[in-house]
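Undergrad: So in my numbering the end of the sequence shown lands on 790, straight run, no missing numbers.
Source of the hints: derived by calculation from the structure; they are not laboratory data. Take these hints with a grain of salt, some might be off.
FRET-style restraints, in silico, Cβ to Cβ [as the list claims (entries may be wrong)]:
1) N101 with Q299: 52 to 62 Å
2) N753 with L505: 17 to 27 Å
3) A608 with L56: 52 to 62 Å
4) E739 with G642: 46 to 56 Å
5) L505 with L56: 11 to 21 Å
6) F44 with D672: 24 to 34 Å
7) P711 with A608: 34 to 44 Å
Derived pair list, reagent style BS3-like, types lysine-lysine, alpha-carbon separation capped at 25 Å [as the list claims (entries may be wrong)]:
8) K578 with K566
9) K637 with K626
10) K246 with K110
11) K377 with K422
12) K66 with K488
13) K422 with K303
14) K521 with K578
15) K66 with K487
16) K74 with K110
17) K246 with K74
18) K422 with K66
19) K303 with K117
Because the structure is a prediction, the values reported are computed rather than measured. Positions of the beta carbon are idealized from the N, C-alpha and C atoms, including for glycine.
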Amino acid sequence: MANVTAFPRSRRSKTPPSALFSDPLETGETFDLWRLMSVMRRRFFLILFVMLLIPLVTGLIVYAMKPVYSGYTKLQMVEANGAASIQGFTLPAALSSASTNLPTETAYLKSRAFATKLIDRLGLDDVPEFNPSLKKKGEVGWRQTANELLEILHLREWVSGWIETGDHWLQENFGFDAGTFLAGASKPERLTPEALRADVTDNFLERLTVDGEQLSRVITIEFRSNDPALAARVPNTIAELFLEQKRNQRDRAIRQSSQWLTDQVAALQERVLDSEQKFERFRREEGLLDIRGTELMQQQLIKMNDQLIQVSTERAEREARLRQVQLLIDQPDGTASLAPVLASQLINNLRLQESQIQQRLAEQLTTLRDGHPDVIKTRRELEDVRITIAGEVRKIVQSMRNETEIARVREANVANAVGELKAVMESQADAEIELRAIQAEVAANQNLYEVMLNRLAAVDLEGREPDQVGAEVISRAVMPRVPVSPKKKLAVLASLIAAMVIAALLALLMDFLIRGFKNAKQVEQATGLPVIASIPLSLQVADTGTPLFEMVRRRPGSAVGQGIRKLRTALNLLGEGKQIRTVLITSSIAGEGKSSIALALVANAVSAGLRTLIIDCDTVNGTVTKQIDSVTNRGLKQYLNGDGEVEDAIEFDMATGIHYVATGGVLSNSDDLFGSRRMAELLRYSAESFDFTVLDSGPASVVSDTLVLVPQVDATVFVVEWERTRRETAEQTIREVYEVGENLAGIVMSKNNLRIQSIDGGAEAYDGQYYGVDSAPPDDDGEPEWARAR
Numbered sequence: 001m002a003n004v005t006a007f008p009r010s011r012r013s014k015t016p017p018s019a020l021f022s023d024p025l026e027t028g029e030t031f032d033l034w035r036l037m038s039v040m041r042r043r044f045f046l047i048l049f050v051m052l053l054i055p056l057v058t059g060l061i062v063y064a065m066k067p068v069y070s071g072y073t074k075l076q077m078v079e080a081n082g083a084a085s086i087q088g089f090t091l092p093a094a095l096s097s098a099s100t101n102l103p104t105e106t107a108y109l110k111s112r113a114f115a116t117k118l119i120d121r122l123g124l125d126d127v128p129e130f131n132p133s134l135k136k137k138g139e140v141g142w143r144q145t146a147n148e149l150l151e152i153l154h155l156r157e158w159v160s161g162w163i164e165t166g167d168h169w170l171q172e173n174f175g176f177d178a179g180t181f182l183a184g185a186s187k188p189e190r191l192t193p194e195a196l197r198a199d200v201t202d203n204f205l206e207r208l209t210v211d212g213e214q215l216s217r218v219i220t221i222e223f224r225s226n227d228p229a230l231a232a233r234v235p236n237t238i239a240e241l242f243l244e245q246k247r248n249q250r251d252r253a254i255r256q257s258s259q260w261l262t263d264q265v266a267a268l269q270e271r272v273l274d275s276e277q278k279f280e281r282f283r284r285e286e287g288l289l290d291i292r293g294t295e296l297m298q299q300q301l302i303k304m305n306d307q308l309i310q311v312s313t314e315r316a317e318r319e320a321r322l323r324q325v326q327l328l329i330d331q332p333d334g335t336a337s338l339a340p341v342l343a344s345q346l347i348n349n350l351r352l353q354e355s356q357i358q359q360r361l362a363e364q365l366t367t368l369r370d371g372h373p374d375v376i377k378t379r380r381e382l383e384d385v386r387i388t389i390a391g392e393v394r395k396i397v398q399s400m401r402n403e404t405e406i407a408r409v410r411e412a413n414v415a416n417a418v419g420e421l422k423a424v425m426e427s428q429a430d431a432e433i434e435l436r437a438i439q440a441e442v443a444a445n446q447n448l449y450e451v452m453l454n455r456l457a458a459v460d461l462e463g464r465e466p467d468q469v470g471a472e473v474i475s476r477a478v479m480p481r482v483p484v485s486p487k488k489k490l491a492v493l494a495s496l497i498a499a500m501v502i503a504a505l506l507a508l509l510m511d512f513l514i515r516g517f518k519n520a521k522q523v524e525q526a527t528g529l530p531v532i533a534s535i536p537l538s539l540q541v542a543d544t545g546t547p548l549f550e551m552v553r554r555r556p557g558s559a560v561g562q563g564i565r566k567l568r569t570a571l572n573l574l575g576e577g578k579q580i581r582t583v584l585i586t587s588s589i590a591g592e593g594k595s596s597i598a599l600a601l602v603a604n605a606v607s608a609g610l611r612t613l614i615i616d617c618d619t620v621n622g623t624v625t626k627q628i629d630s631v632t633n634r635g636l637k638q639y640l641n642g643d644g645e646v647e648d649a650i651e652f653d654m655a656t657g658i659h660y661v662a663t664g665g666v667l668s669n670s671d672d673l674f675g676s677r678r679m680a681e682l683l684r685y686s687a688e689s690f691d692f693t694v695l696d697s698g699p700a701s702v703v704s705d706t707l708v709l710v711p712q713v714d715a716t717v718f719v720v721e722w723e724r725t726r727r728e729t730a731e732q733t734i735r736e737v738y739e740v741g742e743n744l745a746g747i748v749m750s751k752n753n754l755r756i757q758s759i760d761g762g763a764e765a766y767d768g769q770y771y772g773v774d775s776a777p778p779d780d781d782g783e784p785e786w787a788r789a790r
């Protein structure tokens, strides 16, 4: 029970409980680690069961499974040693041993065509692991695993007996033969040889893994089988068959290439001879001794053109000088300034002599007469010298004319030679072009002939190295001793971890699915009302069917008795100095224990010496009437219908000392009768004649009787069953009750499991160890307790 002194409010307070009209999300409970641990502790046996069951089943399954072994072989794609290279020529990719395409090789090893060849070589058609038609009847798929598991558990005969019994029962009642049906369903389908071959190939390829490491040029061949010897034999055979096929392919390609190249070399040899003979014959016919004759003529023509330019220039220079001389001849002393004249030593000497004679003549004329013989002689000498100079000048001019003419003749000769050479070159151009074409044909045939010879030599060298196939085995498979699956220890460990997670999730899910209240704190947070008492679940009441009030009466020191005593104490404290004489006990739904609590509360009051009355207002079930074993024909129904007085409706039980008003039957208009004057008189009479009166009404969410009775009593106690009453239902019902009466004294939690509550609360609280749920020996000395109390 909550500390009732913490919320001393009037029974008619105008302020409603705040939690009843607040947002449900705001009153939700918080989640913490302790709460999680308490959930785990509460579901300990469930968690333990799951943690044992799942690893056990997993272990049985994995230990019943056939072990799978794995063997792997590694192939390395190697490069050629360079033997296929001759004079700069490399063997074509189709023939070279270095011509490996890793994705292509990997795809080929995983192809159905290659798998078929390997199956034929190893005879895997006769192995039941691959051929489904060879498996034993009833040993296919899940049935094989189930039979092995039952064999391990030593349950195969027992299960077989149950199956036979069930089959017999089905045949007798329905005419259905389950054994024949299951045998037909598990009977392998008859397959054609092609379909059976396809199944064998599929089963083989499912166990085969081929992985190509592109950067390292290594191919890993892995095979899994239930037979360790076969797991190692298959990858080794795959590698051997692959190398054998590569070798055969290489040899076949070399033979074909060698034959083709030999034919081509022979044909090219004939073509080379024919082209060379044609070349020589055409050169002789055309008179072309040297294919470079035209080139020499071209060089000669270039030289002659250069020479023609030189002689033409020389001729032009000489003609220009000759024209200048002819112009100076007509002028007095014009030739004296000619460069050849000035350069002539003879003329210069004659000029010197002339000047000397002129000087002598001048000296003679100064002393002699003009007709003096010496003067005349000197003048004759001067004339002779001048005549000689003029003659020399004429010779020089004539020489210049001769040289100019010679230059003209030379120019003409060179021009004629150039023309003749051009004519000769033009006549030989066509022949030389055809000759060059023939020579090019000869060169092309010779080059092609040499290429084919080199290829033929390369192929011959490749054929002399039979071991060079472009691949080699770098790691052979050995028979494995340890299976790769199932990983029994790992599977059991993983199943244990998974079981822990599943068990925890299942515990949390079960706790989450509980929509009722788990403790008083949740009730108070959701409703805003105090939990004034908690009535624990009594095993004796649950197992033997003993009424709760008998348990309280006979064992007042038990936990149940203490809970009822706390309820009555709380009602006294909540009266605030005024005694609460009439109390209504109600709940949301049926079966929450309100009637048993009402009777137990009355029994506790009787044991305290109080004159107590209980009125059974649950006219539908009448649980109070049934528990007291009343057989009276009079009760509340008769009284409210006007039959008799108040005293006539009240009965007394001598065994318990309880005054009670039985239902008297079902009331069809109970809500009207409960609000009638006679009901008010009954309650007034009970308040005057009895110390304590308890009304047991029907569920407030089902019938409207309770809402009519609430305003007529001093206090209303609302019963909520632990973890059963849905929170939404309880909150809605409490809200309705509060709105009509506002005299809710508090909440009573019923059928509490103290052990679970102590786990949830995190402490071994009041769980029966102090008083004991069913503890305290019965107090029975032959005298009724109510009599002793009085």
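Undergrad: Could you tell me whether the CB distance from E739 to G642 stays inside 46 to 56 Å?
TA: 31 Å, violated
Undergrad: Are K422 and K66 close enough, with their CA atoms no more than 25 Å apart?
TA: 101 Å, violated
Undergrad: Quick check: does the Cβ-Cβ distance between F44 and D672 fall within 24 to 34 Å?
TA: 53 Å, violated
Undergrad: Between L505 and L56, does the beta-carbon spacing fit 11 to 21 Å?
TA: The hint (11 to 21 Å, Cβ to Cβ) holds, given that L505 and L56 are roughly 19 Å apart.
Undergrad: For the pair supplied as a hint, K66 and K488, confirm whether the alpha-carbon distance does not exceed 25 Å.
TA: OK: K66 and K488 at ~11 Å, within 25 Å.
Undergrad: Taking the CB of N101 and the CB of Q299, does the distance hold inside 52 to 62 Å?
TA: 57 Å, holds
Undergrad: Are K246 and K110 close enough, with their CA atoms no more than 25 Å apart?
TA: Holds, at roughly 16 Å.
Undergrad: Please verify whether K303 and K117 have alpha carbons no more than 25 Å apart.
TA: Given pair K303, K117 is violated - Cα atoms ~81 Å apart, limit 25 Å.
Undergrad: Quick one, are K377 and K422 close enough, alpha carbons at most 25 Å?
TA: Distance of about 68 Å is beyond 25 Å: violated.
Undergrad: Between K521 and K578, is the straight-line Cα distance small enough, at 25 Å or below?
TA: Distance of about 28 Å is beyond 25 Å: violated.
Undergrad: Does 17 to 27 Å hold as the CB distance between N753 and L505, or does it fail?
TA: For L505 against N753, whose Cβ atoms are near 23 Å apart, the range 17 to 27 Å holds.
Undergrad: Just to be careful, I want the Cα atoms of K246 and K74 compared with a cutoff of 25 Å; is the pair within it?
TA: 16 Å, holds
Going through the hint list in order, the structure does not satisfy hints 4, 6, 7, 11, 14, 18, 19.
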